[in-house]
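*Asks:* Heads up: the sequence shown is residues 1 to 260, going by UniProt numbering.
Calculated directly from the structure, the hints in this document are not laboratory data.
Worth double-checking, as some hints may not be accurate.
Simulated crosslink set (DSBU-like; lysine-lysine; CA at most 35 Å straight-line) [stated by the list, open to error]: (1) Lys66 - Lys104; (2) Lys190 - Lys160; (3) Lys33 - Lys104; (4) Lys33 - Lys66.
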Amino acid sequence: MTATLLRGSDYPVGSHFDGSGINFSLFSAHAEKVELCLFDEHGQEQRLALPGRTGDVWHGYLAGYKPGVRYGYRVYGPWDPQNGLRFNPQKLLIDPYCRALDAKVPDSPLLVDAGSQPDAADSAPVSPKSIVTHEPYDWQQDRCPRTPWSQSVIYEAHVKGLTKTHPAIPAILRGSYAAVAHPAMINYLKNLGITALELLPVQLHADEPRLQQAGLTNYWAITFWPRLPLNRITGPDSQIQPRCLSSEIWLELCIPPVLK
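Starting from the given sequences, assemble the full structure and let the hints guide the process.
*Replies:* This is the structure in structure tokens:
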């Protein structure tokens with residue numbers, strides 16, 4: 001696997017396919033060097049230094065490549081834990097703006113770098129790889145209802161907790177986005193006078209090691225990636241429909257990020 005990087009663009013951040021290649025862009029104010037790491041189907045790695053830097057955004061363009069590319073970043077910079085700087089290129093980083101991963105985040109000591117000195121062990125063998133996606137979505141004529149705050153009634157709910165035991169929703173759909181959009185659930189919310197539904201968790205997250213060891217998951221998913229959907233609630237067809245709550249039924253959908 002061989003590849004070369006062009007300078008590319010600083011915007012938009014993340015990885016984006018434009019029909020001819022992929023632009024990679026990553027923010028880091030204190031980095032001294034950023035490597036894009038490409039992985040083939042056998043796990044072989046190729047490292048390419050991002051050639052462009054605009055302000056604090058590092059970027060590069062991979063011509064001729066298509067969605068499906070598996071990648072990560074190695075970022076070089078100062079090691080100064082007291083000031084929050086823990087740069088260590090031995091640790092493969094997930095793109096914070098990626099929209100898919102090839103695996104769950106495992107409970108592995110290779111992913112931990114909490115000591116007073118940089119850990120020399122390479123985390124790439126166990127670290128999930130980011131995946132380049134390209135899924136244009138037709139929003140049709142959908143638009144935000146923009147209900148005035150003075151008239152808004154917001155219902156906060158867990159996707160699974162809200163729908164898992166509803167008798168009018170088919171069992172195969174319960175606990176998924178499709179269950180939230182089911183007419184029985186919509187009617188329930190409308191009859192309560194709800195104008196907006198606030199859902200969480202809806203992003204992919206890293207379950208704490210103690211939960212993984214016990215065979216459990218983090219119900220409220222506080223440690224998360226903001227642009228990665230939580231696959232276990234996408235439904236039987238594994239497809240996410242952003243318009244499941246749309247202006248057609250006059251319900252707004254809120255996604256509250258809880259950053260910790």
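*Asks:* State for each hint whether it applies.
*Replies:* Okay, the hints, checked on the actual structure:
1. Lys66 - Lys104: Holds: Lys66 and Lys104 sit about 23 Å apart, inside 35 Å.
2. Lys190 - Lys160: With a Cα-Cα distance of about 19 Å, the restraint between Lys190 and Lys160 holds, given a limit of 35 Å.
3. Lys33 - Lys104: Within the cut-off at roughly 27 Å; holds.
4. Lys33 - Lys66: holds (25 Å)
Violated hints for the displayed structure: none, as all numbered hints are satisfied.
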